[in-house]
Amino acid sequence: MKQWIAFWNIFLKDMRAYYLKPPNISWGLIFPLAWTGMFFIKSGLGLESVLSLLPGVIAISILFGTTSLLSVTVTFEKKGRSFDRLLLAPIPVGLLMLAKTTGAILFGMANAFVPVILALFLADLSQIAWSLAVPAVLMIAIASTFLGLFVAVSVSEVFEAQTFSNFFRFPMIFLCGLFFPVDVLPVFLRPLSYLLPLTYGVDILHGAIQGKNMMPVSLDFLAIAFFCVTLFYFSLKNLYRKWII
Amino acid sequence: MSPTKDQSPFIETSELTKKFDKITAVDKMSFEVDQGEFFGFLGPNGAGKTTTINLLTGLARPDSGTIRIGGFECTKNPKAAQHLIGVVPDESNLYPELSGFDNLCFCAALYGMPKKVRRTKARELLETFGLAEAADRKFAGYSKGMKRKLTIAAGIIHSPSVLFLDEPTTGIDVASARNIRQLVKGLHRAGTTIFLTTHYIEEAERLCDRIAFIVKGRIVGVDTVANLLRPVQGKRVMLFSVSHSDAVLFGKLAAAFPLLEFRALSDGQFRIESTESIHIGPLVRFLEEQGIEALEARNLHPSLEDVFVRITGIEVDLMKKEKEKGGGA
Chain D
1 MKQWIAFWNI
11 FLKDMRAYYL
21 KPPNISWGLI
31 FPLAWTGMFF
41 IKSGLGLESV
51 LSLLPGVIAI
61 SILFGTTSLL
71 SVTVTFEKKG
81 RSFDRLLLAP
91 IPVGLLMLAK
101 TTGAILFGMA
111 NAFVPVILAL
121 FLADLSQIAW
131 SLAVPAVLMI
141 AIASTFLGLF
151 VAVSVSEVFE
161 AQTFSNFFRF
171 PMIFLCGLFF
181 PVDVLPVFLR
191 PLSYLLPLTY
201 GVDILHGAIQ
211 GKNMMPVSLD
221 FLAIAFFCVT
231 LFYFSLKNLY
241 RKWII
Chain C
1 MSPTKDQSPF
11 IETSELTKKF
21 DKITAVDKMS
31 FEVDQGEFFG
41 FLGPNGAGKT
51 TTINLLTGLA
61 RPDSGTIRIG
71 GFECTKNPKA
81 AQHLIGVVPD
91 ESNLYPELSG
101 FDNLCFCAAL
111 YGMPKKVRRT
121 KARELLETFG
131 LAEAADRKFA
141 GYSKGMKRKL
151 TIAAGIIHSP
161 SVLFLDEPTT
171 GIDVASARNI
181 RQLVKGLHRA
191 GTTIFLTTHY
201 IEEAERLCDR
211 IAFIVKGRIV
221 GVDTVANLLR
231 PVQGKRVMLF
241 SVSHSDAVLF
251 GKLAAAFPLL
261 EFRALSDGQF
271 RIESTESIHI
281 GPLVRFLEEQ
291 GIEALEARNL
301 HPSLEDVFVR
311 ITGIEVDLMK
321 KEKEKGGGA
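In order, the protein sequence lines correspond to chains D and C. When we follow our numbering, the leftmost residue of the first sequence carries the number 1, and every step to the right adds one. When we follow our numbering, the leftmost residue of the second sequence carries the number 1, and every step to the right adds one.
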């Protein structure tokens, strides 16, 4: 019970201190809006392109929202040594890191629904399989957040967190089937796509929104879950190696 | 998971060692701290004081040796005793964006305290530490002294059995430092075991039951303040100020007064130590013969500073200057 009091309060503190702050809320709104607008105009196809663009815009909104905030806030707290307070608390480090990431996961999910709400006014969303889309959004948010955590515990400066995040994020935009199917990528790039978690999350979204899956949904969920566990495991390992020296 | 209830020390380390690359920060350190004791860790910058606290509290892992706190074996599992521990780091590390009250409530929540209890305790502590009026102000806006006080309050909000205080009064004004010392004394009187690291010898002498001198990661002396002072008791010490002094003068003084021990402190100031009475008349006359004017002579009571210098060979003034330059060990 005591550990869950700690968990809940770490989550609440992060929500109040970071995720519900006006600049971050506006980041969560403006960023997905900008991406949606950009790809909508670029497609030149008119309103019928909305549904084909939606999976990519949802994924990119989650990816940038979660990784940016989590990697920066954790690095910032470590730099200011307030993170040491958390490490000194009598709660397992795994639970502590789950508490630190829960806020980012929810923030990522909230970001995901900005383009969805926008799309409501532009297209017919009645055929979307929400029972698939919502779990996909959740899994993408978890994987992206844990990627942000992995970045945060691998660097020591706040600016490094941003640059290291971009090292993963920008290739993902092109390699994970967000806006161009993986099939159209050059053959030598395709293996890279399958090494990135977003490929599987986006594939589920394509299935849920347009009914066009590349892989079986169960395989997609299994693969993205594997990435989540692996990223979290290596983040904890890195934390023990670098922060509890 | 329950600690063994016996008369064994509350904190016990054996052959504790920690290396950073080729530097040995803590070198086969063994010591014990009893329950309710006020234990001081005194040493210069880079001696290994903060590293030792990090090892004891679980922020660092030892390369070898063992740690037991409150009966819990903490070497492999530092989380085991963290519920018994309160830590006040050498830098105030609370959350700048939260108010004083919210910071305390958050720290209490990390130890699983229920909402009602932590709010009551936070208000009590803000009152005790004279911060009630600043309770709703953001921590970022606090003065240095206020930040130290709130950091101490955050360290004790869960009523820890042992409080680790790392240089609690460094860099704050005299009044705040005095206030903090009184608060810490009060905690000790209430039964909290205190582990204090400091480079202020007077602070350690005034507060601690027992003191360990630490140099280059090793304990070079540990005892009660009374026992540490014993070798210098009965010794006469005088501080002398003259118009000017140099090495030649000290040579002449040593030759003329073989029973006295002279030690240069700074230009124009030296210290005389002797087991016999120090007669000022012959000294003044001798200096006048050398064309040097004696400006001031002051009797000093031998202090822990003398013991520290004797055991460690480190000049205290140098230690203070190093610390003021910044950085902990």
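There's no promise every hint is true.
Label-pair ranges, simulated between beta-carbon atoms [said to hold, decoys possible]:
no., chain 1, residue 1, chain 2, residue 2, range
1, D, P171, C, E15, 45 to 51 angstroms
2, C, A140, D, S218, 55 to 61 angstroms
3, C, R137, D, L33, 32 to 38 angstroms
4, C, R189, D, T230, 49 to 55 angstroms
5, C, K76, D, L222, 31 to 37 angstroms
6, D, A129, C, A140, 34 to 40 angstroms
7, C, R137, D, S26, 23 to 29 angstroms
8, C, A190, D, T230, 45 to 51 angstroms
9, C, A140, D, G44, 47 to 53 angstroms
10, C, E97, D, F188, 44 to 50 angstroms
11, D, L45, C, P114, 18 to 24 angstroms
No lab work stands behind these hints, which were simulated from the structure alone. Remember, predicted model here, so these are calculated numbers, not experimental data. Ideal placement from N, C-alpha and C gives every residue a C-beta, glycine not left out.
Of the hints stated earlier, which fail here? Violated hints (numbers, rising): 2, 6 and 11; every other hint is consistent with the structure.
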